Amino acid sequence: MDVKRFLLPILALLVLALPTLSFAEDAPKIKLGYAKCAHCTPMSLTPQFAEGVAIDAVSFNTGTDALTALVSKNIDVAQVTYLHYAIALDKGFDVVAISGQVNGGSAILLANDLEIAPGDWGALKALIAKYKADGKPFRVAASRGNAQDIHMRGAFAKQGIDINKDVQFINIPNPSDHLQALRRGEVELICTVEPFATQIMQAKAAKFFGFPYDQAAGKLTNLILTRSDVIASNPKALEGVVRAVVKVDAHIAADKPALIEVISKVTGLDKAIATGAVENLDPDPKMYRASALAIATMMRDLKYINSDVTAAVEKNLDYRFLEAATGKPKTELGY
Amino acid sequence: MAALAQLRKLDRYLVPVLVLAGWEAFSRSGALPAALLPAPSTVLWAWADWLIGTDGNTQTYSAHWLADMLASLSRVAAGFAIATVLGVGLGVAIGWSRKIEIVIEPTLQMLRPIPPVSWIPLAIIWFGIANKPAIFLVFLGAFFPILLNTIHGVKTCDRNLIRAGAMVGGSERKLLRYIVVPAALPSIFAGLRIGIGSAWMLTVTAEMVAVKSGLGYVLWDSYYFLRYDLVLAAMASIGLLGFMSDLAIRFVMARVLHWQRNTTLGGGE
Chain A
1 MDVKRFLLPI LALLVLALPT LSFAEDAPKI KLGYAKCAHC TPMSLTPQFA
51 EGVAIDAVSF NTGTDALTAL VSKNIDVAQV TYLHYAIALD KGFDVVAISG
101 QVNGGSAILL ANDLEIAPGD WGALKALIAK YKADGKPFRV AASRGNAQDI
151 HMRGAFAKQG IDINKDVQFI NIPNPSDHLQ ALRRGEVELI CTVEPFATQI
201 MQAKAAKFFG FPYDQAAGKL TNLILTRSDV IASNPKALEG VVRAVVKVDA
251 HIAADKPALI EVISKVTGLD KAIATGAVEN LDPDPKMYRA SALAIATMMR
301 DLKYINSDVT AAVEKNLDYR FLEAATGKPK TELGY
Chain B
1 MAALAQLRKL DRYLVPVLVL AGWEAFSRSG ALPAALLPAP STVLWAWADW
51 LIGTDGNTQT YSAHWLADML ASLSRVAAGF AIATVLGVGL GVAIGWSRKI
101 EIVIEPTLQM LRPIPPVSWI PLAIIWFGIA NKPAIFLVFL GAFFPILLNT
151 IHGVKTCDRN LIRAGAMVGG SERKLLRYIV VPAALPSIFA GLRIGIGSAW
201 MLTVTAEMVA VKSGLGYVLW DSYYFLRYDL VLAAMASIGL LGFMSDLAIR
251 FVMARVLHWQ RNTTLGGGE
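Heads up: the protein sequence lines correspond to chains A and B, in order. Reminder that position 56 of the first sequence reads as 56 in full-length UniProt numbering, one-by-one numbering, no gaps. Reminder that position 190 of the second sequence reads as 190 in full-length UniProt numbering, one-by-one numbering, no gaps.
None of these hints come from the bench; they were simulated from the model. Hints should not be assumed to be uniformly reliable.
Unchecked claim - Subject to a maximum C-alpha distance of 20 Å in a straight line, what follows is the list of computed PhoX-like cross-link-like pairs (lysine-lysine): (1) A:LYS303 <-> B:LYS212; (2) A:LYS165 <-> B:LYS99; (3) A:LYS265 <-> A:LYS36; (4) A:LYS271 <-> A:LYS165; (5) A:LYS271 <-> A:LYS204; (6) B:LYS212 <-> A:LYS136; (7) A:LYS136 <-> A:LYS125; (8) B:LYS99 <-> B:LYS9; (9) A:LYS31 <-> A:LYS247.
Note that the structure is predicted; figures quoted are calculated from it, not measured.
With the hints as extra help, turn the sequences into a complete structure.
Below is the structure:
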């Protein structure tokens with residue numbers, strides 16, 4: 001066999017690939033985990049928007065899985081929710097918030113046979129009172145411990161509805177099961193997450209009632225977390241990650257079809273559903289301190305966490321990467 | 001001598017004690033955050049609160065273990081009972097009749113490799129949320145081991161016994177009742193023991209599907225809130241109940257199959 005005949009093209013290829021290889025070796029690497037929800041899927045775009053950092057984006061089924069991978073040091077950065085952040089701090093885990101990502105994505109849906117106009121809380125309260133007087137449970141569902149659960153509980157409390165006394169709360173852990181629960185008439189109201197909310201409405205399994213954003217936690221949903229050891233060892237890389245998140249947010253805010261495309265690609269959902277879902281998503285890299293504190297307080301009140309983590313929530317919001325990425329002071333970034 | 005015998009009795013506890021001591025030491029070493037791998041003592045503390053409500057550290061689950069255990073037990077019992085009736089019934093029919101074997105077995109063998117967890121979407125569509133889909137999933141886990149072992153037991157029944165029965169004028173029904181089924185019982189019980197283990201394994205999967213109680217439900221819910229101490233306590237609870245269910249089946253088996261009680265392959269007591 002003529003070895004030279006093979007050796008030459010291989011050498012040529014190596015010479016051509018050398019600049020790329022040396023860049024890949026030079027660029028610090030960050031392993032980033034994100035959950036597979038409509039809000040979260042744009043995180044899959046961060047590698048292509050990253051500069052000076054090589055991001056390896058890994059998708060997880062839930063934010064809890066991503067958080068577990070982060071605290072066990074299997075990944076460096078995780079996209080989770082503000083609730084996960086409070087839970088992790090309550091457990092004493094070393095987590096630091098470095099950026100927001102997307103907010104919104106919650107929707108309150110009503111069973112089709114309930115004659116209540118969208119946003120008519122008065123009628124909803126009257127109906128719940130009637131159910132109570134008749135001795136019938138008004139069944140309200142959500143996935144316990146996710147952002148929609150806390151948004152709904154906050155909105156109900158604001159309207160004077162006690163979720164523990166006035167209604168029967170049903171935990172349906174997997175949001176993909178929400179559609180069937182409504183279709184089979186097993187719950188009267190559900191607060192679910194996009195894109196499932198749009199999917200349920202398009203399947204006509206329920207009707208839209210409103211967004212649960214009128215409460216102290218606002219519409220806060222996603223947060224980007226890292227650990228202090230990653231900050232100490234790789235601050236430049238984290239700055240690159242936050243810069244990429246900011247760029248992705250700007251991209252999907254300006255180009256809704258791009259967001260629809262990425263939701264459809266990552267989740268495998270129909271584009272019509274993704275189109276509906278993006279209307280309820282708000283790309284936003286800011287970290288909202290006051291609302292984050294409100295969430296921590298609500299979670300303690302709900303006994304979702306054991307301790308008061310408000311001081312830790314405030315202390316572990318690290319704005320320096322966001323400041324570097326946006327060129328704005330933290331006072332303009334939600335502080 | 002007596003002390004040596006006493007020491008030998010303790011042999012069985014040596015490995016678990018060493019594992020627990022090693023785990024406790026590792027958890028306390030600080031190599032991992034304590035909350036990520038809670039020490040056995042922490043797990044016991046959470047378990048105690050879940051069981052009898054010691055200090056309320058398990059929040060809404062404090063003193064709810066019995067209710068959760070009964071919820072899981074009832075689902076396992078229901079799914080396992082249905083699996084036993086159908087598995088043994090169909091297994092005897094398939095093992096006995098070539099016609100039934102040809103008609104039914106290919107379909108069952110095609111369904112058998114499908115992981116029970118992949119039935120969740122269909123289970124919800126068919127049975128909705130709450131208990132029914134959970135019982136269905138437990139049934140699926142237990143059904144196939146019972147079925148296959150029953151078929152094996154019937155098919156390996158000594159043909160000379162059947163011939164002898166037929167020679168003294170035994171009808172098909174009598175042959176089944178007095179010869180085939182008793183001969184297949186050791187295999188059937190082996191299937192039941194594997195089945196009950198699978199049923200408990202499936203509890204965790206089954207209780208992901210919108211039930212509001214149960215050991216599997218507590219395990220998943222605790223995981224969402226990163227309560228690894230409770231996750232481990234739930235795992236240990238399931239293991240313990242699985243072990244006790246197996247003991248119960250062995251107890252029944254020892255009475256039904258009294259001729260082979262406590263025997264080993266070597267035939268010794």
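Right, here's what the structure says about each hint:
1. A:LYS303 <-> B:LYS212: Holds, because 17 Å separates the two Cα atoms, which is no more than 20 Å.
2. A:LYS165 <-> B:LYS99: 59 Å, violated
3. A:LYS265 <-> A:LYS36: 11 Å, holds
4. A:LYS271 <-> A:LYS165: Violated. LYS271 of chain A to LYS165 of chain A sits at ~40 Å, over the 20 Å cutoff.
5. A:LYS271 <-> A:LYS204: 17 Å, holds
6. B:LYS212 <-> A:LYS136: Judged against 20 Å, a Cα distance of about 18 Å means the pair holds.
7. A:LYS136 <-> A:LYS125: Between LYS136 of chain A and LYS125 of chain A the Cα gap is close to 14 Å, so the pair holds against 20 Å.
8. B:LYS99 <-> B:LYS9: 53 Å, violated
9. A:LYS31 <-> A:LYS247: 18 Å, holds
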